[in-house]
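Q: Each chain, letter by letter, is given below.
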Amino acid sequence: MNKRVAGFFAVGSTIVATVCILVILFGMAGMFLVQGLPHLSWAFFTEAPRNNNTEGGIFPAIYGTTLLVFIMTLLGVPVGTITAIYLTEYTKQRAWLPRVIRFAVNTLAGVPSIVFGLFGLGFFVQFLGQGVDIALGNDQMVWGKPALVWAAATLAVLTLPVVIVSVEEALRAVPREVREGSLALGATKWQTIWKVVLPNSVTGILTGSILAVGRGAGEVAPILFTGAVYSLPELPDGLSDQFMHLGYHLYVLATQSPDVDATMPLQYATTLVLLGLTLVLNFAAVLIRSRLRSRQIRL
Amino acid sequence: MEQHIDKSLVRKNRRWGEWLIEKGVAFVASLSIILIFIIFIFVFREAMPLFSSMSLEEPTVEAPSGATPKDDVVPNEDLTPEIYNPEVYNLAPASADVPAETAPESYDPNAPESYDPNASASDASSGSTPESYDPNASAEETSTQESAPVTGDEPAIERENVSLANITGTNWQPVSEKPKYGISTLLIGTAKTTIVAILFGAPLGILAALYSAFFAKKWLREIIKPVIEILAGFPSVVVGFFCLMVVGSLVQSLFGLDFRLNSFVGGIGLGIAVIPIVFTITEDALSSVPRALREASLAVGATEWETAYKVMLPAAFPGVFAAVLLGIGRAFGETMIALMATGNAALFSFNIFDPARTFAATIGAEMGEVVWGSVHYNMLFFLGAILFVFAFGLNTVTELFIKERLIKKFHGN
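Chains as they are written, first to last, in the working numbering: chain G, 1 to 299; chain F, 1001 to 1413.
Keep in mind the hints are simulated off the structure, nothing from the lab.
Calculated cross-link-like contacts (lysine to aspartate or glutamate; reagent style DMTMM-like; alpha-carbon spacing at most 20 Å):
{"no.": "1", "chain 1": "F", "residue 1": "Lys1403", "chain 2": "G", "residue 2": "Glu169"}
{"no.": "2", "chain 1": "G", "residue 1": "Lys195", "chain 2": "F", "residue 2": "Glu1018"}
{"no.": "3", "chain 1": "G", "residue 1": "Lys189", "chain 2": "F", "residue 2": "Glu1018"}
{"no.": "4", "chain 1": "F", "residue 1": "Lys1218", "chain 2": "F", "residue 2": "Glu1304"}
{"no.": "5", "chain 1": "G", "residue 1": "Lys3", "chain 2": "F", "residue 2": "Glu1304"}
{"no.": "6", "chain 1": "G", "residue 1": "Lys195", "chain 2": "G", "residue 2": "Glu169"}
{"no.": "7", "chain 1": "G", "residue 1": "Lys92", "chain 2": "F", "residue 2": "Glu1022"}
{"no.": "8", "chain 1": "G", "residue 1": "Lys92", "chain 2": "F", "residue 2": "Glu1404"}
{"no.": "9", "chain 1": "G", "residue 1": "Lys3", "chain 2": "F", "residue 2": "Glu1306"}
{"no.": "10", "chain 1": "G", "residue 1": "Lys92", "chain 2": "G", "residue 2": "Glu169"}
{"no.": "11", "chain 1": "G", "residue 1": "Lys195", "chain 2": "F", "residue 2": "Glu1022"}
{"no.": "12", "chain 1": "F", "residue 1": "Lys1225", "chain 2": "G", "residue 2": "Glu169"}
{"no.": "13", "chain 1": "G", "residue 1": "Lys92", "chain 2": "F", "residue 2": "Glu1018"}
{"no.": "14", "chain 1": "F", "residue 1": "Lys1023", "chain 2": "G", "residue 2": "Glu89"}
Based on the provided sequences and hints, a complete structural model is requested.
A: Encoded structure:
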């Protein structure tokens, strides 16, 4: 009897914990959906903020975020993919270099995002950017200040582990026999990778990119001082421009606005857009990945 | 004969290409290692001037970078510097919810928080590294405040600022007449919120992982696992905003608190961010425990829950431990939640219901408005260096000791 009571609590507590987490999760998502949905309108997506951010939309922030993650993907995904290729195709698991690389990737994944921000400021903005300015002989600071490209590069470094892990998984899902068949037909190693392995793992690269974009779109700390600004007179049209960002916009609206109550509808609507964007991306990645996994089992 | 030679040539060429590609791939792959080093070097490089100026008794004036800025910068109150972050001027202090008297970091508009383009520009043009600590720049900073032109040879105030006693003090007031950089206040703030976060997040994550790994039906597990992992996809600003709006009021009315935002609320927010990490890693560790252990336990008459708690959980302990460590790392370094939900006041208080300020939040809040190369700037990089070293240490411990042990335990060696 005593044992049965203990068992009841032992199992019950796990159920309670699970329910708690689900309540937090759906409570959060539901609240933003309920509060934010009435304020969404076409104008909200297409207009710039007006009247000290109490009216208007968030188009510049959406534009800036999109541009940011696009450049980030261009910079980060090739590097991540090549790293994954190296780790799966070119080395033995127990050799020292891949182990060190793996350790570095895991460390990268664990470094706090604000440290990436400092790194972006110290390395990209001040070292690379000002170096470029000196090299080009610019009188004004063009690159040596917070800019879109530096924020994107910082985020690319931040999301590198996400890409590497996803692509690696996809590469491992390609059966050995396929590689051996290609090699047996006389193809070289690189030909095998380029023509056989990579086409078979496009979904994995896609998953990695989507996950990276989802992560990158939501991160605010690394771009706080590498390029994001609160308001812009005009949209960024070059890599050295500063930009507006959904997450940063929300942060400023929620904590630093002179009239927090007046911006409340905008805050909820912005949150909903940001949350919707990242969740849709994550969901897509999960779906693609589960399809990938089921295919892997079949082979 | 000729044909034979041709063939071998082609073959050799192709191998050259292969060799080049392999080396190229290996180089790109090594970028991760290089990046870690660069992060290490650059974060520390910006923090270093703090130590060199702290250890020296004599004030050293770095001549090359000191000469130019003096000519460019007019120490005049009327000078309206280009603003680095526009919101600095027209917006309220860090958190609107904390009463003014409890927010010692509230910014004085006259304080030198504006980004001074001239200082960095001339630094760049003179070719010296902009992060070298320049007493002149700081002197100018003070001079704008006092509206009296001060020559660069008067760094007496600055010397005091970077003394060891200042750093170990209990006040964090970087933007004041006599800046104080007492990191112990921030350390306590960080520790408070991290402890709350772990106490809140880790049990929930571990118990949910147990449920998902053992007690849940298979179809339920297939749903629960990805759904909880979705929580990891919530941007931290959104979680921070949720705490700001909902958890703050909830906790305040529940405990009858003076402050809506405090380190407890911040800890809950960080805990929400910790849950998916702890859950995922614990779940993986539990699932990788060999089936034989479970079956043996059930075969000798143990019940399902006894097996789960007394056999599987101990067997997966290194993994659970790793999960908690990585959770601590996440809570320690999380910026946006801490920035939005902790109240953000640098109070020296051990009470978890007082507002607090973490390392990461301090960097996030102050870096945007600091003069590049100033003591304050170096100090913020120093905080970043602490975060980096801590994260690196946690990761090394989990990688080298725990994961290896886990692998050896289950797969033999």
